[in-house]
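Spelled out from the first residue to the last, the chains are:
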Amino acid sequence: MSEPRVIRKPIGNFLEDFVPGQTFRHKGGKTLTEGLFSTFTEFTMTTNPLAKNARYARTYGFEGLVCPPGLVMLLAFSQTVEDVSENARANLEYIDMRFGAPVYVGDTIEVETKVLGVSASKSNPRLGVVHVQSVARKNLGARDEAVVLAWQRKVQVWKRDEAAELHTGSAEPDAVAVELWLPSFDPARDYKALAHLTNADTYFEDFTPGTRVEHSRGRTMTSEHIHLTAVLDNTSQVHCNQFMIDLDPKQYVGGELIIFGGIPFVLCLGLSCPNVGDNALGDLVYATGRHTAPLFAGDTVFAATEILAKRDHPTREDLGILETRLLGHKFVRVLEEADRSAPASAGGAGARSEPEASEAPPGWKKVQIFELERALVVKRRSHYA
Amino acid sequence: MSEPRVIRKPIGNFLEDFVPGQTFRHKGGKTLTEGLFSTFTEFTMTTNPLAKNARYARTYGFEGLVCPPGLVMLLAFSQTVEDVSENARANLEYIDMRFGAPVYVGDTIEVETKVLGVSASKSNPRLGVVHVQSVARKNLGARDEAVVLAWQRKVQVWKRDEAAELHTGSAEPDAVAVELWLPSFDPARDYKALAHLTNADTYFEDFTPGTRVEHSRGRTMTSEHIHLTAVLDNTSQVHCNQFMIDLDPKQYVGGELIIFGGIPFVLCLGLSCPNVGDNALGDLVYATGRHTAPLFAGDTVFAATEILAKRDHPTREDLGILETRLLGHKFVRVLEEADRSAPASAGGAGARSEPEASEAPPGWKKVQIFELERALVVKRRSHYA
Amino acid sequence: MSEPRVIRKPIGNFLEDFVPGQTFRHKGGKTLTEGLFSTFTEFTMTTNPLAKNARYARTYGFEGLVCPPGLVMLLAFSQTVEDVSENARANLEYIDMRFGAPVYVGDTIEVETKVLGVSASKSNPRLGVVHVQSVARKNLGARDEAVVLAWQRKVQVWKRDEAAELHTGSAEPDAVAVELWLPSFDPARDYKALAHLTNADTYFEDFTPGTRVEHSRGRTMTSEHIHLTAVLDNTSQVHCNQFMIDLDPKQYVGGELIIFGGIPFVLCLGLSCPNVGDNALGDLVYATGRHTAPLFAGDTVFAATEILAKRDHPTREDLGILETRLLGHKFVRVLEEADRSAPASAGGAGARSEPEASEAPPGWKKVQIFELERALVVKRRSHYA
Chain A
1 MSEPRVIRKP IGNFLEDFVP GQTFRHKGGK TLTEGLFSTF TEFTMTTNPL AKNARYARTY
61 GFEGLVCPPG LVMLLAFSQT VEDVSENARA NLEYIDMRFG APVYVGDTIE VETKVLGVSA
121 SKSNPRLGVV HVQSVARKNL GARDEAVVLA WQRKVQVWKR DEAAELHTGS AEPDAVAVEL
181 WLPSFDPARD YKALAHLTNA DTYFEDFTPG TRVEHSRGRT MTSEHIHLTA VLDNTSQVHC
241 NQFMIDLDPK QYVGGELIIF GGIPFVLCLG LSCPNVGDNA LGDLVYATGR HTAPLFAGDT
301 VFAATEILAK RDHPTREDLG ILETRLLGHK FVRVLEEADR SAPASAGGAG ARSEPEASEA
361 PPGWKKVQIF ELERALVVKR RSHYA
Chain B
1 MSEPRVIRKP IGNFLEDFVP GQTFRHKGGK TLTEGLFSTF TEFTMTTNPL AKNARYARTY
61 GFEGLVCPPG LVMLLAFSQT VEDVSENARA NLEYIDMRFG APVYVGDTIE VETKVLGVSA
121 SKSNPRLGVV HVQSVARKNL GARDEAVVLA WQRKVQVWKR DEAAELHTGS AEPDAVAVEL
181 WLPSFDPARD YKALAHLTNA DTYFEDFTPG TRVEHSRGRT MTSEHIHLTA VLDNTSQVHC
241 NQFMIDLDPK QYVGGELIIF GGIPFVLCLG LSCPNVGDNA LGDLVYATGR HTAPLFAGDT
301 VFAATEILAK RDHPTREDLG ILETRLLGHK FVRVLEEADR SAPASAGGAG ARSEPEASEA
361 PPGWKKVQIF ELERALVVKR RSHYA
Chain C
1 MSEPRVIRKP IGNFLEDFVP GQTFRHKGGK TLTEGLFSTF TEFTMTTNPL AKNARYARTY
61 GFEGLVCPPG LVMLLAFSQT VEDVSENARA NLEYIDMRFG APVYVGDTIE VETKVLGVSA
121 SKSNPRLGVV HVQSVARKNL GARDEAVVLA WQRKVQVWKR DEAAELHTGS AEPDAVAVEL
181 WLPSFDPARD YKALAHLTNA DTYFEDFTPG TRVEHSRGRT MTSEHIHLTA VLDNTSQVHC
241 NQFMIDLDPK QYVGGELIIF GGIPFVLCLG LSCPNVGDNA LGDLVYATGR HTAPLFAGDT
301 VFAATEILAK RDHPTREDLG ILETRLLGHK FVRVLEEADR SAPASAGGAG ARSEPEASEA
361 PPGWKKVQIF ELERALVVKR RSHYA
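Protein chains in written order, with the numbering used here: chain A, 1 to 385; chain B, 1 to 385; chain C, 1 to 385.
Keep in mind that the hints were calculated from the coordinates and are not lab data.
Do not rely on the hints blindly, as some may be mistaken.
Because identical chains cannot be distinguished in the list, a pair is counted as satisfied if it fits within a single copy or across any two copies.
To be verified - Computed list of lysine to aspartate or glutamate pairs in EDC-like fashion (alpha-carbon distance at most 16 Å, straight line):
no.: 1; residue 1: K114; residue 2: D190
no.: 2; residue 1: K9; residue 2: D206
no.: 3; residue 1: K154; residue 2: D206
no.: 4; residue 1: K9; residue 2: D201
no.: 5; residue 1: K9; residue 2: E214
no.: 6; residue 1: K310; residue 2: E93
no.: 7; residue 1: K366; residue 2: E165
no.: 8; residue 1: K192; residue 2: D318
no.: 9; residue 1: K114; residue 2: D96
Next up, chain A with everything else stripped away, as it sits in the complex (with noise of 0.2 Å):
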C-alpha cells in the first residue's frame, strides 16, 4: 500500500465559526450513573444529605439520591465543550445561571447552545469573546422531559486563522422556562425525626446579612483533575495533554496543566456545604461566576461565603431565599507566586482587587481563584426542625 495520505480532523470551533444566533444541538449527552454520581457527588466533601442519604431525599419528596448543583453543571457546561470552548483560552464569565429540575442517577441529559455575541479582542489579533446562551433538559422524549439548567456564559476563544474575517455583532437570548422544582411541604412527614442528619445552625433563620464565614475545610488537588476532568467528557487539551504544554510551555500559565475550572467550582460549593448548603433544599441562580486565577496539581483549595441579603420565598412560607457571594482562594509562596502566576490569568480581566491578602501567612500570598453570586433556597427551622 501506498503512502496514505494523511488527514487531520480539527475538533471544535474557531473565533471566526461562530455567528450570532446560530444553535448548537451538543453531541453525546450523558445518563448520569451511579459511578459518576459518585466521583463528584463525594469529592467535593458535600454534606448535603440530599446527595448522600436516599433515606433523608425520600422523605423530603424526591425520588431518591438527588443530584447535587455542581454536579448538574458540571454534566451540563461539559456538553458544551467541543463546540463552544476546545479552543478557548479562558472561560471569562458565568452569567445567569439557573436550576430547574432535580436530576437523578439514570436521568440522561442534552444540551443546546445559541450563540449571542461575537467580538474582537482589542489588543489582542489572534483572540475575540464569544458569548452564548445554554440550555439543559434532561429524559428528552420521554414523559417527564424538563429544563434542568439555563444559563450563559462568555469565553475567550482562539482564532484558526488571525486574517480571518468575524461574524462579529448579537443575537437576543431565548426566553427559557425553567423554575427551581421544590418539593411540597406536608405536614404529615416526619421531618424533625431526621433533624439530627442536618448541621443545626445553617437554616434560614440563622444567616445574617453582612457576615463572612470563612470555611474550615481546605483539600488539596492532586493529578486526579486529569481523570476528573476526563470522565466528564470535557475534551479540552488545557487540562490533559501534558506534551502540546511541553512544546510550548510559555505560552499556557505555569508551563503546566491548568486544573478545569468546573472543579474549583464544586469543590468550592462543597466545602461550603457544612456552614451553608448544608439545609438548603436546591441552589436557585448564580448570577455572575468567574475564575480569578488558575489552579494547578498541588494547590489546596479554600472557600469562603459571604451573606449578602435574605428573602422570603415568594410562594412558600416553610422556605427563604439567602443571597450569597462563595469565594474561592489558595495560597502560593510569594516566590513561586512571582514565578507563574503573575503575568497570566485564566479570568483575565475578571480578577478583583484582594482585600485579604493581609490574612496569609508569612512567605505567602493569598490568592482568590473564583467568586459566585450564588442564591439558595433554604429551609426554615420553624417548619423542618
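Start from chain A and add chains B and C according to the hints.
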C-alpha cells in the same frame, strides 16, 4: 457594604467537649452507590467472589453483590469522624468490632456513638484519650432495619484550650445485639458447580494454627489516597490539606499528608484475601486492631496473616471459625526511615517490637504499619467443594 | 506461642506449569457495576453515544447503556491474568479477538482459557512463550447466557526454575461460536432525530481506504494507572509494586512501574472515537494487536487510524464493515529516550520501523506504543441520518 463580620466555624469536637455517657447521632448518613462499591471493593484487590460476582453471591443466598467487611467498616467509621476524631492526633485502637447484617448497594447507613470515657494525657497537657462505642444501622425506619456494625475505639484528641477542664470519667457501654447474618446451607443448591471461582486451598480444613502466611502481592499507594478519603466523607485535615502541613511541617510526621488509616486497613484485608478470605462467608469480629506506623503516598503495602486458632461454628456444621492476626507492613530505606518515621508514630504507644526486621533486604528496614485480631467464618470443603 | 511456620504462597503459573490442551476456569468472575462502567468508559474519552446516552442506546434497540468494546476486553482479559500472565514478562500479541453479545451494567462475566502452545525461548533460558485461547461468557446459568468475547494471545512467561522441563507442544483451538450481536434496523424508529448526537462525518460513506486520520487529542497518563489496573483485578506486580522494582531496578524497563497494556489499548480506542467509532454499532474483530513500547506515568498518549479497506456487511444493507489499523504513540525527549526505552520494549520483537519519526518536533522522538488491526461495523448515512 461595610467590611463583613467574619465568622470562623470550628468543626468537630475537642477533648474538653466530650462528656462520658453522651450520645452523638451523626450527621449525613450514607447510601451505598455502585460507584463507591466499585472504588473500594476493587482497589483493595479483594478476591472473594461475594463482592465481585453477583451470580455467585445470589447462589449462596445473598440478595446480590455483598459489601465486603472492609468497606462496611469504612462507611460506618467515616460517619463518626467529624464528631469524634476531626481534631484527633491519632486513632489508638479498634476494639470489639462486630459485624451484623449484610450491606448491599442501595442500603443507607446511619451511625450513633456513645462516649464511654475521657482521660487526660499524663505527658502532654494538650492531649487526652476519648473512648467511644459506635453502632451503624442500615435502612432505618424500613422493614429490614438492622445493625451492620458495632465497635469501640480509643482516640487521642487535642484540646482546644490547654487550660480547659475535662469531663473525665467513664460510662458503661450499651448492650448492642449484633450477630453476623449468614445465608443458610441448602443442600439443594449446587455449590460445587461454583467451586472453581474461589481458591481451592482456603477452606476451613486447609488452615493450620501456628502458621503464618506471607501474602505475595504488594500495592503501592499514591496521592489517590486524598480522593479515596474524601469520597468516604472522612474530613480529617491531616489527610487532605497540604497547606496546613506546609505551615508547620514539624508538627506533622514527615511533613506530608498521612494516609487515612482506613486505607491500609482495607488494603491489608484485600491483599490477604486470596490466601485467607476467599472462601469466607463473612468477618465475625475484630477483637482489637491498631496502626503501628504511618503510611505515606509512595509506600508499598504488604500483608501477612498468622493463623492463631480454629473452632467449630456453634450452630453450623458447614462452617468453621478461624482466628487470625492480620499484619501490614512496608519497607523504608534505612536513611529515609531515620529522617521521618522515627520520632513519632501514628499509633503512639501501640507500636510493637519487630521480630521480622531481619527479613528486610540490605539498605531497607521492614516497618509494621497495622495489626488486627480477625475472626472469620469460613466454608468447609466437605460441604461446598 | 512458638515462632510460626512461614508459608509463602506463590500466585499464578510459571512457564513449566503450562500444559498444551489444559483448560483454566478462571476464579472470581466480574459483575459490571455502574462504578466500573463510569470509570473506564469515561476516562478514555469515548464519544460513541451508545456508551454515554441511554436514550440513544435504547432507541437503537439496546437494553441500555452499552459497555464499549475496550471495556469488554479489559473485563474479560483481566480475569485471565492470575492464571496466565501474573508471572509474564510481556504480552506479545492479541490474536483474533472477536466480539459477541452486548454487555450491560449488571451482567456477570466469567472466563475460561485453553493452553494452545508452550515453547522455550531460544535466547533466554529463563523465558518462553505461552499461546492461549480464552472465551468470556456472561450470565452463566441464566437464560441469556452468551459469549461476549473470544480471543487468543501469546505471552512471554518467566520460568520459576531455570532447570525445569517444559511441556512444549501445541493443541488445537476450540471452535467457538461468536457472532457480533447487532440490533435490527427498524424503519419505524426515528434514527434521524438522534443524528445530531454523533459526528456528521463518521458514517460508512465517509471513509476512504488509503487515508490515515491523525486524531487530534492527546491524554497524559498519571499514577492513576495503578488504581485503574487494580479495579480491573489485574494483579500483575509490575504495574503496582514499586518496592519490587526498587529492589532490582535494572530488571525492569526504566526502573519504574509499567502501565498495564490494557490502559493504552482502551485509551487509543477512545482517542480515535470522534473520527472513527462515533457511528459504529460495534467492534467486530481485532485480528492482531501488540504493544510496541512501554508506557509510563507522565507520558501523553496520541492515536492515529489507517483506513485499510471497506466492505459490505454480509446480511445488513444498513451497515458496512470498516477495516482499520489503530496506532498509538507517544513522544519522548531524545535524551530521556536514550536513557530508558531503548534497550527493551514491552512488545519485544513486535516493534515495527517508524515511518513517521520525522514528524516529531525538534528534541523529541515519536515512539509507537501500540497497533491493532480493527474491524468495525459502521452505520450508513443512507439509513441513519
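Q | Structure-inconsistent hints, enumerated in ascending order | A | Result: hints 1, 3, 6, 7 break, sorted rising.
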